[in-house]
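A.B. asks: Residue strings, one per chain:
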Amino acid sequence: MTISAASTVTVRVLLFASYAEAAGQTSFTLTLPAPATVASVLRLLRSQASDARLPERPLCAVNLAHARLDAPVASGDEIAILPPLAGG
Amino acid sequence: MTISAASTVTVRVLLFASYAEAAGQTSFTLTLPAPATVASVLRLLRSQASDARLPERPLCAVNLAHARLDAPVASGDEIAILPPLAGG
Amino acid sequence: MTFLTDRPLDLAPLVARVMSPERGGVACFLGVVRDHHEGRTVKRLEYSAYEAMAEAECARVVAEAEAKWEASVALEHRIGRLEIGDVAVAIAAAAAHRDAAFMACRYVIEQVKRRVPLWKREDYADGSQAWVTPRPARPTVERPADATSDAPPVSEHVSHTDWGV
Amino acid sequence: MTFLTDRPLDLAPLVARVMSPERGGVACFLGVVRDHHEGRTVKRLEYSAYEAMAEAECARVVAEAEAKWEASVALEHRIGRLEIGDVAVAIAAAAAHRDAAFMACRYVIEQVKRRVPLWKREDYADGSQAWVTPRPARPTVERPADATSDAPPVSEHVSHTDWGV
Numbered sequence: 001m002t003i004s005a006a007s008t009v010t011v012r013v014l015l016f017a018s019y020a021e022a023a024g025q026t027s028f029t030l031t032l033p034a035p036a037t038v039a040s041v042l043r044l045l046r047s048q049a050s051d052a053r054l055p056e057r058p059l060c061a062v063n064l065a066h067a068r069l070d071a072p073v074a075s076g077d078e079i080a081i082l083p084p085l086a087g088g
Numbered sequence: 001m002t003i004s005a006a007s008t009v010t011v012r013v014l015l016f017a018s019y020a021e022a023a024g025q026t027s028f029t030l031t032l033p034a035p036a037t038v039a040s041v042l043r044l045l046r047s048q049a050s051d052a053r054l055p056e057r058p059l060c061a062v063n064l065a066h067a068r069l070d071a072p073v074a075s076g077d078e079i080a081i082l083p084p085l086a087g088g
Numbered sequence: 001m002t003f004l005t006d007r008p009l010d011l012a013p014l015v016a017r018v019m020s021p022e023r024g025g026v027a028c029f030l031g032v033v034r035d036h037h038e039g040r041t042v043k044r045l046e047y048s049a050y051e052a053m054a055e056a057e058c059a060r061v062v063a064e065a066e067a068k069w070e071a072s073v074a075l076e077h078r079i080g081r082l083e084i085g086d087v088a089v090a091i092a093a094a095a096a097h098r099d100a101a102f103m104a105c106r107y108v109i110e111q112v113k114r115r116v117p118l119w120k121r122e123d124y125a126d127g128s129q130a131w132v133t134p135r136p137a138r139p140t141v142e143r144p145a146d147a148t149s150d151a152p153p154v155s156e157h158v159s160h161t162d163w164g165v
Numbered sequence: 001m002t003f004l005t006d007r008p009l010d011l012a013p014l015v016a017r018v019m020s021p022e023r024g025g026v027a028c029f030l031g032v033v034r035d036h037h038e039g040r041t042v043k044r045l046e047y048s049a050y051e052a053m054a055e056a057e058c059a060r061v062v063a064e065a066e067a068k069w070e071a072s073v074a075l076e077h078r079i080g081r082l083e084i085g086d087v088a089v090a091i092a093a094a095a096a097h098r099d100a101a102f103m104a105c106r107y108v109i110e111q112v113k114r115r116v117p118l119w120k121r122e123d124y125a126d127g128s129q130a131w132v133t134p135r136p137a138r139p140t141v142e143r144p145a146d147a148t149s150d151a152p153p154v155s156e157h158v159s160h161t162d163w164g165v
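Protein chains in written order, with my numbering: chain F, 1 to 88; chain P, 1 to 88; chain H, 1 to 165; chain B, 1 to 165.
Isolated chain F, as found in the complex (with noise of 0.2 angstroms):
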């Protein structure tokens, strides 16, 4: 089966502190198969960076708001996965 441009999802993802040191980059595209959630473009993350490590349970964001690994992510969302918080 090919994928058509209707049955993909082509979203930005945010990289912050250890983590974009680490990747070497704080911003790209990703496009992958719909239905997308969360943890399939943590999935498509992982096999892309050789080197990266993410733990298994990355705390993620979709559009500015904590989100689960199972919640969907649309063409145009903002997915930013976020290194241990250390605010206050």
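Hint data in this document are derived by calculation from the structure and do not stem from the laboratory.
In silico DSS-like links for lysine-lysine, alpha-carbon gap of 27 angstroms or less:
#1 B:Lys68 x H:Lys113
#2 H:Lys68 x H:Lys113
#3 B:Lys68 x B:Lys113
#4 B:Lys113 x H:Lys68
#5 H:Lys113 x H:Lys43
#6 B:Lys113 x B:Lys43
Fit chains P, H and B to the supplied structure of chain F, relying on the hints for placement.
C.D. replies: Okay, now just chains P, H and B, sitting in the frame of chain F:
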């Protein structure tokens, strides 16, 4: 039995706020038989102040510290009878 | 006077006194004169004190909080005439971590209310005045074991039968 | 920016924003940069943020606290380079009574630590640097029922397996 000088206790009594207003005075001296306690000071006060009505167990202090009613008092002590506190 | 003052209170110098690089958390409390009390409109009020004992009792409360939580504590209570919105009491408590800072701060305000000989007479909108009788205290913080001898049980504090008033 | 700032924090304007004659208690908290962290001497540090989300998350935390305790809450968190003794976070919470003020203030600092996307890189006396990984949170305040959907469970927040670091 006559009460000699050695067997009496003379204390300074302080009144505050509503108690001072009711009694029309803020401080006076009381002499009572030894041994004396805060409770015996209160008993003498009640017998002297015809129109004043102290609560059964008012908050009292001896020499700048809270004291129980059975605390002993000695000559020269400062006994304060404190209306319900309202600081803060 | 160390803890009592008849001047307006300012939190900033209290915070400056307790802050230090070993103390990561500073918890503060301000008690503000409200415009209502039990349904009546308050115009202003006057705090009076048994000053010598109030100073001594404030010192004991601060020392207890500093010992129990390894904290640095600053406390000031205003006396005299206060207007609506004025600060009546200011507390700053600094400790290594926030939990201790909050507990020390909370301890101080609860103990000030329970133990420091201060009285408040309110002037109401209708021209009348009354001495404020607090309702029974509901302490929500534990007291240090070494503090119990300083204060009688709560039930002795909250007699509602004023003396002839 | 509303909640984040790269300028030194000052508690006084936050207190002024929340104080009012209907609110008898103001509880405040300051988080101060400590000179030690897990046994190492800290020289300075740098806070960075996912700014857009941090602003949104701060707004949610403040709104939750204001709703739950009928409080007025002000919050600022500093970002960028901070020196030892600098204030990193400042909170003021005013409510009708002190219990609500303390609980609202405590809620805000706990939730800021749990939920707001901020990171801290410390510079140590020996010239090394490290991203600070907090130990597992031990929340001591109850969370409002309507807030649970905004944040994942604590266990997801405190992974100690950093990504390649």
